[in-house]
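Colleague: Here is what each chain is made of, one letter per residue.
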Amino acid sequence: MARARVEQHPATGMTLVVMVGLSIAFLLFIAFLNVVKNGDILSEANLLYAALVFYAGAGALYLGFGVTGTESYIKFASLATWAGLIANTAAVAHRWYEAGHPPFASLYEMLLSFVWTLAALTLIAEKRYAVKVIGTVTMPVAIVGVVLMQLLRSDVRPLVPALQSTWLHVHVTLAMLAYAACALSFALAMMFLIQDKLNTESFLATTSIFTVGIYASVLTRFEGWGGFNVIAWDAENKSEVFLAKNVRLFVTIPDLGWLMMLVFAAVIAPLTLYILARVRKNEGFLLIANRAVFISILLQSLALVFFVIRVREGRYSSLDAEGLYPTNLAASPFILSALVAAIFANLLYLLLLWRREDLERLLPDADTLDRITYKTICIAFPLLTLMIAAGAYWANKAWGSYWNWDPKETWAAITWLVYAGYLHMRITRGWRGRRAAYFAILGFGVVMFTFFGVTYLLNGLHSYA
Amino acid sequence: MALPLHFAIRNTWKTLSSIKTGVVLIILVVIFSIAGTVILQRPLTDPDEIARAYSPSMLRFLDVTGLTDVYHTRWFVGLMLLVSLSIIAASVQRFPNAWRYFARPYKSPDDGFRRVLPIQAHLAIVDEEQGLGAAERAFHHMHLKSERIVRPDRFSLFAERNRISEMAVYIVHASLLLFFLGYFVVDAFYGWRGFLMLSPGMASNRVEMKSGEIRSLPFSIRCDGTGEETYTDGTPKRWWSKLAVVDNGQEISRKEIVVNDPLVYHDVRFYQASFGRTGKLDHLVLNAVPKSGAGQTQEISLAQNQIVSLDVDTKVQVAEFIPDFVVQDGHVYARSNDVVNPAVHLIVTSEKTDKVVNFWLPEIPGIAENASSPYNFEPKDLKTGVFTGLEVSHEPGQWAVWAGVILMAIGLTFVFYVVHVRFWVVPVQDASGNLALWIGGSANRNRDAFEQTFKRFVEQVEKELKPKFEEAAEKPVASLPKTTTAGR
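Chains as they are written, first to last, in our numbering: chain B, 1 to 465; chain Y, 1 to 488.
No lab work stands behind these hints, which were simulated from the structure alone.
Bear in mind the structure is a predicted one, so any value in this text is a computation, not a measurement.
Heads up, the beta-carbon is just placed ideally off N, CA and C, and yes, glycines get one too.
Some clues are possibly wrong.
Claimed, not checked - Calculated from the model, a selection of chain Y residues having no Cβ within reach of chain B, i.e. all distances over 10 Å:
(1) Gly66
(2) Leu79
(3) Arg238
(4) Arg254
(5) Tyr271
(6) Lys352
(7) Leu382
(8) Ser393
(9) Glu395
(10) Gln398
(11) Val401
Claimed, not checked - Quick list of in silico lysine-lysine cross-link-like pairs, BS3-like style, CA-CA up to 27 Å:
(12) Y:Lys237 with B:Lys375
(13) Y:Lys463 with Y:Lys107
(14) Y:Lys315 with B:Lys375
(15) Y:Lys20 with B:Lys397
(16) Y:Lys463 with Y:Lys145
(17) B:Lys397 with Y:Lys315
(18) Y:Lys145 with B:Lys397
(19) Y:Lys255 with B:Lys127
(20) Y:Lys466 with Y:Lys455
(21) Y:Lys280 with Y:Lys210
(22) Y:Lys255 with Y:Lys315
(23) B:Lys281 with B:Lys197
(24) Y:Lys280 with Y:Lys380
(25) B:Lys408 with B:Lys127
(26) Y:Lys237 with B:Lys408
(27) Y:Lys383 with Y:Lys242
(28) Y:Lys355 with B:Lys397
(29) Y:Lys352 with Y:Lys383
(30) Y:Lys237 with Y:Lys463
(31) Y:Lys255 with B:Lys408
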């Protein structure tokens, strides 16, 4: 059905390249006009804007490649990525110079470094390992990263006393590298599963579980009468509103909770249908499930749009304090990224559903992917170890003890244990292929929880990141 | 009697050393660690907050099982002990094999080994000496030292690199044991953490533990000053304290500590943890303006309980300092100890008339008698007392931990990046009686990279063979690496 429809369109040569090129030129021209008006060419905002434009172009071309399989797009896509990376590097350098420390001290700065790492890794994977299709996955993430940065506070903030240490940079650099390597191993493991002929339904199940998980966590902010709680934002001080130390003020956006509930129902549908298909052994349900994914993407996008609109505008009442308070996307970066990530995961599933054969043709073979996954983890694991050790050494200087069982520490140790488990199973038990790939995916799940979940859900000493 | 005991020990040993046990233990550690991050933990969280979060019966259950302080309960420590035992048992179980590998390397491959070795090649040679010579030169070319092995029935060449890599896993495991030793044994029994609060000029050796008990140090710490610097937006930039160590009445050393840079004396560390205001008055600067018009305005400085004469007849003193005042039913109360809304109660006495006037700054209606005071007071400056909060810790186990970190870094480097490679070269005769050079290689990890190295080596041997024997090399007999395998 859907697959057949898409395949009827033959790859349409250079049209996309020309279109994307023209858009880039147009956007840069607009930006140039702005610069002429304001005078300042090499400001960080301009550099980031340029990076965004190029990444968006690259993303469009990579996606075009992913969907149509036209090889020539790749060349232009990597050119655009290069250009974006150069602008991004300049932005990082500018930031570093301006702040006087490497850009790792706030969520904004970490995103800046993260996007840079991602773009660099994309080019490395493409050139060194010939994993061409990787840009289809990484570029959209980079674009979301840059867009998120525009929403977050970007002014150079002074460092609080505990962060004034060289160990901040050592620790965070190692963490970033380790997490990037884990992310790469995750992507490679996923590709391995595609090449290992894991059936498409299993990907449907995983995607659905992931999406349901995201909406279940988002709905922890559900408030009776359909309200949805977000943290209030103080526009003047560019910070969250605090009731007391570490107690943030939540405001309730009316009716948004109902919409989230509705989307929750929509994302549960594919999972239910998948389970029905398995239980009843009826393939028909799977066809409906795939349509349900499509519908759920539409609804999710709707939820995202409404979320953005309602959070950006208006003042809302709070259950904990009198009066009306504004909020801002900057106060809810995690919800925003979760919503975007869910849509993205579902889109990737659709890509797999419709273009599986092309993907299989373009990806390296299963054996190679399995080996590279293992190698990436061999890089990630020592980095994780060093990151924890550097953190412990720093904690010993700043908090008075090398190990405090702070949730972030504990979860970092858990991550380490999971990857240690992977290595033991692989080396002494000879786990290869699928089981190893599942393990690598689990490992990255734990990494994500350590990075986002702990900050979002659990309180602790690590309150700055 | 002896037999069952023997069996029990053997079985326990076998269970402990199996990788399954290891995995189960790791999973248990993970589960309980997660529980500790989800359930509010005792020493870190405020008791009231815990009481609010759980119902009384739930809280009793959590307290009894130790789930409110997971990481310090006996059973968690016991679990870590089991993990250590399992690591030891697993290592001891596997060590002899690895040691044999390490101490008595396999240098002279027999037929069976040659048949099954995955990475091997054959090259045609004319005579044994020529073949082995070429291989030796090829080894030399690759910076490998080869040795000739002579056995009664065969002779061959052997070369290897990084044999130590076989031991790397044990280095990593030993480093883990060092962590456990440092944290769960040394620091659990001999370590302690506490808190010391000092105001400038004060000295103390009494450290308050988390449990509330007081530990007396054999020396004391004197605070010579403390302060806070803030950024323009009010966020703290730097906290500092000038500390001195006083041992036996003698000043031993001085240091200005800041966050991230503690003072260490006799393995006891003093960290800058917090800075605050005591809410008590240090001194107050006032302008005293005589109401009669006679006499001049004078600036006076008042500390608590200090009496200052304004003229021959009049004296003033601070009776009360309230950092954060509130008036209720004609009384003044302190709302908090934060200096946010201060009030000062001055007593102005006149000796001649014995008149006592209660002067309040700011003037509080109904209580203050400011109108009848001979002087008016204008506040100029207010300094309140400060204190520095010092985190004090003694963690001798950290040296084991740092040693473990270094050992682990070395171990992991060897595990992942140092490959034990071995080459064997044996002259053999095939079924039809032709002489050939059998070349075999093995690497304990990163097999695909080694295959490239092996290929290069074989090509090098071929090159070394050529000049003297060109015809034979024309028809390549080489059956290059037969197999490719998933990398280890």
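Colleague: Now look at each hint and say whether the structure bears it out.
Modeller: Going through the hints against the structure:
For Gly66 (chain Y), the shortest C-beta to C-beta distance to chain B comes to about 14 Å, beyond the 10 Å cut-off, and the non-interface label holds. Even its closest Cβ contact with chain B, about 13 Å, leaves Leu79 (chain Y) beyond 10 Å, as expected for a residue assigned away from the interface. Not every CB of chain B is more than 10 Å from the CB of Arg238 (chain Y) (nearest about 6 Å), against its label as outside the interface. Every Cβ of chain B is farther than 10 Å from the Cβ of Arg254 (chain Y); the closest lies at roughly 20 Å, confirming the non-interface assignment.
A cut-off of 10 Å between C-beta atoms contradicts the statement that Tyr271 (chain Y) is not in contact with chain B; the least separation is 4 Å. With a closest Cβ-Cβ approach of about 53 Å to chain B, Lys352 (chain Y) is found to remain outside the 10 Å limit, as its non-interface label requires. For Leu382 (chain Y), the requirement that its beta carbon stay farther than 10 Å from each beta carbon of chain B is met, with the minimum near 25 Å. Not every CB of chain B is more than 10 Å from the CB of Ser393 (chain Y) (nearest about 5 Å), against its label as outside the interface.
Listed as outside the interface, Glu395 (chain Y) is inconsistent with that label: its C-beta sits roughly 6 Å from the nearest C-beta of chain B, within the 10 Å cut-off. At roughly 5 Å, the least C-beta separation between Gln398 (chain Y) and chain B is not larger than 10 Å, which violates its mark as non-interface. Non-interface status of Val401 (chain Y) relative to chain B is broken: a Cβ of that chain comes within 10 Å, the nearest being about 6 Å off. With a C-alpha separation of about 43 Å, the suggested pair Lys237 (chain Y) and Lys375 (chain B) falls outside the 27 Å cut-off, and the hint is violated.
This hinted pair checks out: Lys463 (chain Y) and Lys107 (chain Y) have alpha carbons roughly 25 Å apart, not beyond 27 Å. Proposed proximity of Lys315 (chain Y) and Lys375 (chain B) is contradicted: the alpha carbons are some 83 Å apart, above 27 Å. For the given pair, Lys20 (chain Y) sits about 38 Å from Lys397 (chain B) by alpha-carbon distance, which is inconsistent with the 27 Å threshold. Using a Cα cut-off of 27 Å, the hinted pair Lys463 (chain Y) and Lys145 (chain Y) holds, with the two alpha carbons roughly 19 Å apart.
Proximity of Lys397 (chain B) to Lys315 (chain Y) is assessed by CA-CA distance (about 51 Å); at most 27 Å being required, the pair is judged violated. At roughly 47 Å between alpha-carbon atoms, Lys145 (chain Y) and Lys397 (chain B) are farther apart than 27 Å, so this suggested pair is violated. With a C-alpha separation of about 54 Å, the suggested pair Lys255 (chain Y) and Lys127 (chain B) falls outside the 27 Å cut-off, and the hint is violated. About 17 Å separates the Cα atoms of Lys466 (chain Y) and Lys455 (chain Y), which keeps this hinted pair within 27 Å; it holds.
Taking the CA atoms of Lys280 (chain Y) and Lys210 (chain Y), the gap is about 26 Å. The hint holds against a cut of 27 Å. A distance of roughly 42 Å separates the Cα atoms of Lys255 (chain Y) and Lys315 (chain Y); the hinted pair therefore is violated under the 27 Å criterion. With a CA separation close to 20 Å, the supplied pair Lys281 (chain B) and Lys197 (chain B) stays within the 27 Å bound. Proposed proximity of Lys280 (chain Y) and Lys380 (chain Y) is supported: the alpha carbons are some 17 Å apart, at most 27 Å.
For the hint linking Lys408 (chain B) to Lys127 (chain B), the alpha-carbon distance of about 35 Å lies beyond 27 Å, and the restraint is violated. Simply put, Lys237 (chain Y) and Lys408 (chain B) have alpha-carbon atoms about 24 Å apart, close enough for the 27 Å limit, and the pair holds. A C-alpha spacing of about 19 Å is found between Lys383 (chain Y) and Lys242 (chain Y), which places the hinted pair at or below 27 Å, so the restraint holds. At most 27 Å may separate the alpha-carbon atoms for a hinted pair to count; Lys355 (chain Y) and Lys397 (chain B) exceed this at roughly 59 Å.
Distance hint between Lys352 (chain Y) and Lys383 (chain Y) is unfulfilled; the C-alpha atoms sit about 32 Å from each other, more than 27 Å. A C-alpha spacing of about 69 Å is found between Lys237 (chain Y) and Lys463 (chain Y), which places the hinted pair above 27 Å, so the restraint is violated. Between Lys255 (chain Y) and Lys408 (chain B) the alpha-carbon distance is near 32 Å, which puts this suggested pair outside the 27 Å criterion.
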